[in-house]
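For the record, the sequence lines run as chains A and B.
The numbering used here numbers the first residue of the first sequence as -3 and each following residue consecutively.
The numbering used here numbers the first residue of the second sequence as -3 and each following residue consecutively.
Any given hint could turn out to be false.
The list makes no distinction among identical chains, and a pair is therefore deemed to hold if it is satisfied within one copy or across any two copies.
To be verified - Simulated pairs of lysine-lysine, DSS-like, Cα-Cα distance not exceeding 25 angstroms:
1) Lys210 to Lys402
2) Lys14 to Lys39
3) Lys69 to Lys127
4) Lys402 to Lys424
If you're looking for bench data, these hints aren't it; they were derived computationally from the structure.
Note that this is a predicted model, so its numbers are computed, not measured.
Number of protein chains: 2
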Amino acid sequence: MERIFATYLIETPLAVEKAAAALAGEQSSGTFVAVPGETEELKQRFAARVEKITPLETVTEPGLPGFRSPGGKFQRAEIVVSWPVENMGWNLPVLVSTIQGNLYELAQFSGLKLMDVELPPSFAGHFRGPKFGIAGCRRLTQVENRPLIGTIIKPSIGLTTQQTAALVKTLAEAGIDFIKDDELMGNPPHSPFDERVDSVMHVLNAHADRTGKKVMYAFNISDELDAMQRHYEKVVQSGGTSAMISLNSVGFAGAKKICDLGALAIHGHRNGWGMLNRHPLLGIEFPAYQKLWRLAGVDQIHVNGIANKFWESDDSVVRSIAACLQPLFDLSGAPGAAPARLQNHAQLAGAVPGAPILPVVSSGQWGGQACETFRRTQTTDLLYMAGGGIMAHPHGPAAGVRSLQKWWAAAVEGLTLEQAAQKYPELKKSVEKFGKQGG
Amino acid sequence: MERIFATYLIETPLAVEKAAAALAGEQSSGTFVAVPGETEELKQRFAARVEKITPLETVTEPGLPGFRSPGGKFQRAEIVVSWPVENMGWNLPVLVSTIQGNLYELAQFSGLKLMDVELPPSFAGHFRGPKFGIAGCRRLTQVENRPLIGTIIKPSIGLTTQQTAALVKTLAEAGIDFIKDDELMGNPPHSPFDERVDSVMHVLNAHADRTGKKVMYAFNISDELDAMQRHYEKVVQSGGTSAMISLNSVGFAGAKKICDLGALAIHGHRNGWGMLNRHPLLGIEFPAYQKLWRLAGVDQIHVNGIANKFWESDDSVVRSIAACLQPLFDLSGAPGAAPARLQNHAQLAGAVPGAPILPVVSSGQWGGQACETFRRTQTTDLLYMAGGGIMAHPHGPAAGVRSLQKWWAAAVEGLTLEQAAQKYPELKKSVEKFGKQGG
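The following block holds chain A by itself, in its conformation from the complex (with noise of 0.2 angstroms):
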């Protein structure tokens, strides 16, 4: 029987291994009190496993306040529990449910955080994953040997229709490939959906007559479940291509229906994410996240960036750009073996299932990040975001635009920011006007 394999960040006043039992008791068939019907052949067929225990450091102070231990000591532990594929079958909510659902109550934890999760090769028979994914979506906007360049419309709320249609007139000009709404930005009275889709595909369109070129929208469908899908009706009947979902506000039921309509390139923002990831031991991290999101068919998802404008290190958000560019199943060997290992990923979009998501890349983007993004990631499988970096460009939009390539040019190069800012000179008046803010 396949199992799913799960990885945790525990920390605990208890003896590890007793910990490491509660968790799996009660996410499989754990009661208080034993009861009829509990049987030993039950329990070895549908129990959870503790497949292995590494013990860390120890500390004094728990993780989470407010626990105590009777020793003065709390054990921090990387622990992988497993479960027979046959609790769950091939069941999204119910997968969450299971990895990580009633767990996080547990008293015997005062820190528990879901680090990977490893679905075996039956999963890839049941999902598909992405329908677009990195391959998919350079097809849709045309962009290869790069990342495609992207911006969001700002002011976030407030712009009319035809206030945001001229907007995306001039970033269409300017040569982007991808624009998106905020996540603020929804159905409101003041930008109806349809009449926003009208406004910017109009343009777009228009566009693409003249160039040949289609600029990727990712319009913010995110609503009740109706609406969703007559907004992304609406979409393709206009001939757009994507549209945005923001994951943790719609659900994975949500997503998964939408993802599944498989016309539109689907963008998953993460807003709420820091809720389930800023304590180091607590929630869940990138790497298990994104297989989740991914189960649910979603093409593209935020990472963040490097020398963002919010909380999160460099390293993490490296670590999630390299998760993302992971193949989502092993389909190399037997079930349920080692970790999913790096493969390119190119032979893994489109046909097969599990592709790689695209990465989003965005949070106080300007260009100068790409050089120290690309050095540490050596991939360009990305869509890059840059807000103010393109419309607050000294010279206007397409001389933004023609910067980002430029930066993206100069770090394929193995520039450094400093190198390429001596070696190109508008490149050096990029870091003049942005450098301080985004740095």
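Using the hints provided, position chain B relative to the given structure of chain A.
Just chain B now, with coordinates in the frame of chain A:
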């Protein structure tokens, strides 16, 4: 223009005013470089406003680890931020992204928790709230003047549909009001959903024919959306009265779609909640959380229980129960005025939008906690769940159910656990059997 008010507990190394302004900016018209179109008029109309700042204590260690403060101090405060309804319209996922989205990413905060949200009267015109709620669930189960008594099928997973039905028969004959699937039990190969409904409803329909009492069974329909709708329809067709959703795993869009179908009382399981709430300075508090799910239309929601087996304090459980019984909307006065006042919720149940949601008390409950639960909440408007406390009762499940009813009668009499055990011999035995584990 109506406004939405959200209350946050924050901690910041900066001046509180500055941090609060950053939150308001990020969640409305902010961008890190001023862009064209960000006019004063637009900002006036759409900007989020900091309405109130109440400074709390100063601390020297940050709530979320890894933060530095130049002055070595971190200031805590409660702040109220408001948004015009015009920003998001009546769109639940966009509301969620607005009040609990990117703000958790802001480096300005070493702690941030959404404590409550106040929704203006126009929301009552767009969101019905619970279709059944407390009054509807009482009507369906024919239970008056005491809590609904319920239990969970255990072991959580592994039972065949025949074994499940046999257990249901025992419980129905024991006089139970409510039974539910475990959240780990969805539609696995060893207990296919349709077959489980057939087996269980065969028992419960026959029992209803005999006794006139239809036991409510919350079948866990959590799954992808099409499957949820199929399973919902199956329950309706089979004469069932309830379905269960794992709220965090299904998400707002899927849950709202299911609740809107309106034929079944929806049991909302909050597994995963610990991840959103367990740190005192991160995530969301239950008063805000239950309001969002009530907007989706959920009829019953888990609140943990007094002296539970998990980490949560009794105080927190008491606050959660009180929150469920408050009206969702303040329809009494001026738009966006004072927080909703406690009203007689009986008058709200049914036709009025925003009816109270039935609090589901569970986790290690065996009956003895009834006294303290009633003393502190003064309500019997509860679904009181006991697992082992019923099935493992020394005189069998019927005695277990009777014992729970007796405990509640004693609680309403005003007795403490000790007084109840002294007065009623069967409760004394209950304490002897379960008192240690439950307490």
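Evaluated hints:
In the homo-oligomer, the alpha carbons of lysine 210 and lysine 402 lie at most 25 angstroms apart inside one protomer (21 angstroms), although the nearest pairing across protomers, at 70 angstroms, exceeds that limit. In this assembly of identical chains, the alpha carbons of lysine 14 and lysine 39 lie at most 25 angstroms apart only when taken from the same copy (17 angstroms versus 55 angstroms across copies). Proximity of lysine 69 to lysine 127 under the C-alpha cut-off of 25 angstroms is found in neither arrangement, the shortest distances being 48 angstroms within a copy and 49 angstroms between copies. For the homomeric pair lysine 402 and lysine 424, the shortest alpha-carbon distance inside one copy (11 angstroms) is at most 25 angstroms, but the shortest distance between copies (80 angstroms) is not.
Of the numbered hints stated above, the single one contradicted by the structure is hint 3.
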